[in-house]
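From first to last, the protein sequence lines are chains Z and F.
When you number the first sequence by my numbering, it's gap-free, plus one each residue, and the end is 313.
When you number the second sequence by my numbering, it's gap-free, plus one each residue, and the end is 301.
Since the hints were made in silico from the structure, they are not lab data.
Take the hints with a grain of salt, since some may be wrong.
Estimated spans, in silico, between C-beta atoms of each pair [unchecked claim]:
(1) K203(Z) - D104(F): 23 to 33 Å
(2) V231(F) - N69(Z): 45 to 55 Å
(3) A76(F) - I285(Z): 46 to 56 Å
(4) V148(Z) - P63(F): 18 to 28 Å
(5) L65(F) - L9(Z): 58 to 68 Å
(6) R177(Z) - N199(F): 44 to 54 Å
(7) S162(F) - P280(Z): 33 to 43 Å
(8) W173(Z) - L78(F): 37 to 47 Å
For every residue, glycine included, the Cβ atom is placed at its ideal position computed from N, Cα and C.
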Amino acid sequence: MNRYAWIALALLGLLAPFVVYPVFMMKLLCFGLFAAAFNLLLGYTGLLSFGHAAFFGGAAYVTGHLVKNVGLTPEVGVLAGTVFAGLLGWAVGSLAIRRQGIYFAMVTLALAQIVYFVALKLPFTGGEDGLQGIPRGLLFGLIDLNRVAMVGGNPLPLSLYYFIFALFCLGFWVIHRAIHSPFGQVLKAIRENEARAISLGYKVERFKLMAFVLSSALAGLAGSMKCLVFQLASLTDVNWHTSGEVVLMTLLGGVGTVLGPPAGAFTVVTLQSKLTMVGPWITVIIGGIFVVCVLLFRRGFIGELGRLLRRPL
Amino acid sequence: MGMSVQTVLSQVMLGLNNGVFYAILSLGLAVIFGLLNIVNFVHGALYMLGAYVALLGFTMLGPLLGKPDFHLNYWAALIVAPLVVGALGVLIEKTMLRRLRKFDHLYGLLLTFGLALIIQGVFTNYFNVSGDAYDGKPESLSGVVDLGFMLFPKYRVWVIGSSLAVCFGTWFVIERTKLGSYLRAGTENPELVKAFGINVPLMITLTYGFGVGLAAFAGVLAAPIYSVSPVMGSEMIITVFAVVVIGGMGSIMGSILTGLLLGMVEGFTKVVYAPASSTVIFLIMVLVLLVKPAGLFGKET
């Protein structure tokens, strides 16, 4: 990807709320960042976490609680959610990296289930109803995130959109930097040949844990963003279905590509919103896409495109 | 704490009842993992499917065949459900899993996850998530048995007894017979076993069919106890995954014993501190990961 392509994408992001329904666009950004954060583990470290909903949803609850019940400003709430997800990731990660391969996936799934049960039982999470009516508040105590700008007769929540877009860019930039740093090179080495990375003297466990913490913190950032956009933190966010969905988004777009996970997330979220009339059949469709993806194009569509263009995307 | 020995024993017995389900399901996962090297995520959904074969066989098969009085009875369901689900498993293995054999094992997990979503999604569309009761429990299994310290439902005694028989039967076949020796050899070195003229691909297909057949058998056993619902499998499979992490999938006997033990621990927790009973297995998993990362019976390097 050259500089011009990045500038073009950034411009698209800046102009999108004038063309696409802004709340939908913000949902795309939240799940796009979630998938990109997840890909840092699956795509670049070779670790399949099946419990990433715990960080996404956990951070959403923390942000929601702090903003709604404690009255903190949104940026502090988002920061707290992200830090919480990072700490939770540290705890889950240190346990999970004790096992390899598919056991790693099962351990993360089971640990995320503890988070789910805790979210169900804790007093402030609102149980089955979730945490509703979370205020968006004043950014830095100054900018009202509820304010809408009238553009061509349509009220557009531009302050909120650009706040979310800025957070997305920040998160995506961190991931991009991590991947293209010496740290990222070590992660790729672990993915390709763990035994060899160990024999070269790298403390593999420490690198895996760092990747896990970074990935879970950014997944938390995405969850906190989602909580402000929808003003809701619910059990759906911590459910294993959500963990599965982020795997699908990444797989569909392209595991181990920079643009794949957001592209996959955009596709899945768009499908979900366009296909609301099929009701519960959406689960069947999602499952079907999973099966087709695994059987027919394991590189994902961005991965296949990259192979066609002979350059990494 | 004011708990009598009787309360503890009765909860442990009820826990053992859950334990046999964990045992059968984790046994199936272990058998499949041994030969196919995949974690069968669809196991829970096929357990649910087994329960639905029993339920629908009892309520809908008759009207469907134009004989409203016909009910597929419980005993027949115990045989039919594993066969139907086993056949589906053979189909899944032959058409899909087989293609993934040369790729990373994670793809097997992802494929079966997708299949689980499909099956669960289809049933969620047609059936109530809160579940339907199965009325086909045979007369001979109703009533209670006096165990000395408590009155225990006869049906649950049957569930525990028959599950244990199936578990140990499977263990015996795999560890003590010639057929089992082929299986174990296939686990260690499929190429060499092939060279001896044994049809390894067929063996793999049948093993997968057998493993998911076990899940369906457990589903039929569960039908009269728990309500039959589209989500019964997904709730079960995550707990069973924790059981498998605790026990390790390397040993058949290990997975059976871990399942039984954890069921009893869960039952015991219900007496001591009920709110923790839904998470106790996961907490034990954390403890095992801290103390013995390879699992209680693990052979993982």
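The hints, checked one at a time:
{"no.": "1", "hint": "K203(Z) - D104(F): 23 to 33 Å", "result": "24 Å, holds"}
{"no.": "2", "hint": "V231(F) - N69(Z): 45 to 55 Å", "result": "31 Å, violated"}
{"no.": "3", "hint": "A76(F) - I285(Z): 46 to 56 Å", "result": "35 Å, violated"}
{"no.": "4", "hint": "V148(Z) - P63(F): 18 to 28 Å", "result": "57 Å, violated"}
{"no.": "5", "hint": "L65(F) - L9(Z): 58 to 68 Å", "result": "60 Å, holds"}
{"no.": "6", "hint": "R177(Z) - N199(F): 44 to 54 Å", "result": "53 Å, holds"}
{"no.": "7", "hint": "S162(F) - P280(Z): 33 to 43 Å", "result": "34 Å, holds"}
{"no.": "8", "hint": "W173(Z) - L78(F): 37 to 47 Å", "result": "59 Å, violated"}
Against the hints set out earlier in the document, violations occur for numbers 2, 3, 4, 8.
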